[in-house]
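Q: The chain contents come next:
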Amino acid sequence: MSEPHMESVEWEDAAAAHRVDRPVATGPVGLPAPRDPVDTSAILQVDNVTLRFGGVVALDDVSFALRRGEIFGLIGPNGAGKTTCFNAMTGVYRPTSGRILFNGAQVTGRKKHEITRMGIARTFQNIRLFPEMTALENVMVGVDAHHKTSVAGALLRVPRHWREEREGREQAQALLDFVGIGQRANEVARNLAYGEQRRLEIARALGTRPSLLCLDEPAAGFNPAEKESLLKLIREIRDRGVTVLLIEHDMRLVMGVCDRIVVLEFGRKIAEGTPAVVRADPKVVAAYLGVPTDAA
Amino acid sequence: MTTMEQLPTEEPRTSRRWSPRAQVSALYTRTGLRGWYSRLPRWGRLVANLVFFGLAALLPYVGSVPLIGPQIITNGISWGNTLFDMTYYVLLALGLNVVVGYAGMLDLGYVGFFAVGAYTVALMTSGDSVLHLRWGWLAALPFAVAITLISGVVLGWPTLRLRGDYLAIVTLGFAEIIRVTANSASFLRGDRGFGGLPHPPGSWPDGTKIFGLRDLRPYYWLGLVAIVLVIFAVHNLDRSRVGRSWLAIREDEEVAEIMGVRTVKYKLWAFAIGAFIGGLGGVLFAGYNAFMNSSTFVLQFSILVLAGVVMGGSGNIPGAILGGALISYIPDRLRGIEDPLTHTDLFQWRFVLFGAVIILIMLFRPQGLAPNRRRAMELKDRAREVAP
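Chains A and B are the protein sequences, given in the same order.
First residue of the first sequence: 9, per our numbering; consecutive thereafter.
First residue of the second sequence: 2, per our numbering; consecutive thereafter.
These aren't lab readings, by the way, just hints derived from the structure by calculation.
Remember, predicted model here, so these are calculated numbers, not experimental data.
Hints may contain errors.
[Unchecked claim] Across the chosen pairs, the derived CB separations fall in these ranges:
1. Glu-177(B) <-> Thr-104(A): 37 to 47 Å
2. Tyr-296(A) <-> Pro-159(B): 28 to 38 Å
3. Ala-228(A) <-> Trp-44(B): 48 to 58 Å
[Stated by the list, open to error] A few chain B positions that, by computed beta-carbon distances, are all more than 10 Å from chain A:
4. Val-48
5. Gly-77
6. Ala-140
7. Gly-197
8. Asp-216
C-beta: ideal position from N, C-alpha, C; glycine also.
Please take these sequences and the hints and turn them into a complete structure.
A: Next comes the structure, spelled out in structure tokens:
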């Protein structure tokens, strides 16, 4: 509890540390041609981001850009630095060097709640809801991000307080309906089924009215039918104009839904492109299946 | 929506319309007095509140009730004095409840704010003060609570980035700073204290003062009015965006911030509001006592109020009121009763008896006498984590 930032360090990042000295893909890693300083078509631009924990290099000069309105996959084997990358984007970690631009504005160095208000929302790999709040209240916390009622306003019950409370409830209920758990609105989060909790996290994140939604392994622990309905939900979110960044282990899910994919391994980008391109990339195959030692 | 059908639904669809009470009843099945209260219509709750307030206002006359009355009133100390003491203890418990119960921050130095409120009044009104202002009590009141509020912000600003035990240690230090300053700074007069503190203004139609020395009931009623105002304010805050933010911070501070809650700002507000209420208690205290000095504000006082909040049930307004009233009432009730073994006043044994009562409550009802249901659940979860 003492060091808030340390809680989120994923074990896989620590595991990556012990493997960096192993022979990894060297040479040019398929970096695109140097792009303009600010790419206006990009909603999120990650420029040469390096992140070190002490001597451990969790992210090594990673660059990519998300286009507006796409579903973007960030994949890689365990310990590749996916979640670290994610945490850097949402302000949990501060990159050692490099920069992250959201709609052309710097993300690095801003407070977490500011980044949320800019329009980046996220879910968590290990579900982190407010357990004793109802589903509706959980989403209302997200919706509150854009509300203005102050302490004085709440104290005096000014009209804005009533209006925002009503709007907040309506929006939260609509979002719960959207993700498919509207009938569970008044249940405390801890009592929801696992799949419902995952969906509630998505609804809460959508409550902050993001233009970029980052999903950290949203299908973890899902059976094929649940995965299928989650895919549908992700597409619906995209169709509502929200760009989606997806971290996922399940290759079939990623290949099925993403417009473009970046593959990380040991903190480095090893491939980028459409699912078809990435799937055919020998480096990706090697990263996922391993390479015979004599061929390496 | 098709996705909905694919999820296993364990419960039949309930009403989609949100209402606070529907939500509460879905959360917990409420029994007893609180269940009855929560099922009342809006006007019914208003009537119940008024009846409750009326009964509280009649407490000075409880001694006249046959059979029960004499058991309730205190012997070794006037009943009016006991009642007034209860009002400022309840105020302190309500204020600390905002900090500890709502925002989940452990504050061990709460007495510091009580002292700031009382000392500000003393400095502005007493003839012993270096300021030589000799203001009236009422004129000093807004200044005193404003200064307490500011002192809450000043202490909170650098320290609220800390959490849990670390914050507790810092607040403990704050209370000690206030106490040591009161003892050693010459303008605060240490043990010599401030005399001639004015009482609240006002006189009856026949010319006698309302807040005199004989009749202590008006002080109690004044405290009661302050309590009602504070309850109203705290309740409004709790049921709003502010209360929701506090709750989110209490449950998972990091996630709350990632969901857009300005955590430092809301923690600071909780601290400042708590300080404000504590200062108000101090102002009332100074208006009642014609004299005060540095020995009034000892550390035990903070611990006692915290014990009251935890005992009553933190995060719940009725719980804080009950706890605050009990920590003040129990020791006073012990006065004037002779201990059969040592033939001393039972009051001397108050800490022993009090400690035993707290231990018993913590053993058999760790969530407090009238807990906030959510807090009780959180506590249960934590216990399960420790010993599944």
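Q: Now look at each hint and say whether the structure bears it out.
A: Tested hints:
1. Glu-177(B) <-> Thr-104(A): 37 to 47 Å: holds, 41 Å
2. Tyr-296(A) <-> Pro-159(B): 28 to 38 Å: This hint is violated: roughly 50 Å between Cβ atoms.
3. Ala-228(A) <-> Trp-44(B): 48 to 58 Å: holds, 50 Å
4. Val-48: holds, 20 Å
5. Gly-77: holds, 41 Å
6. Ala-140: holds, 24 Å
7. Gly-197: holds, 36 Å
8. Asp-216: holds, 34 Å
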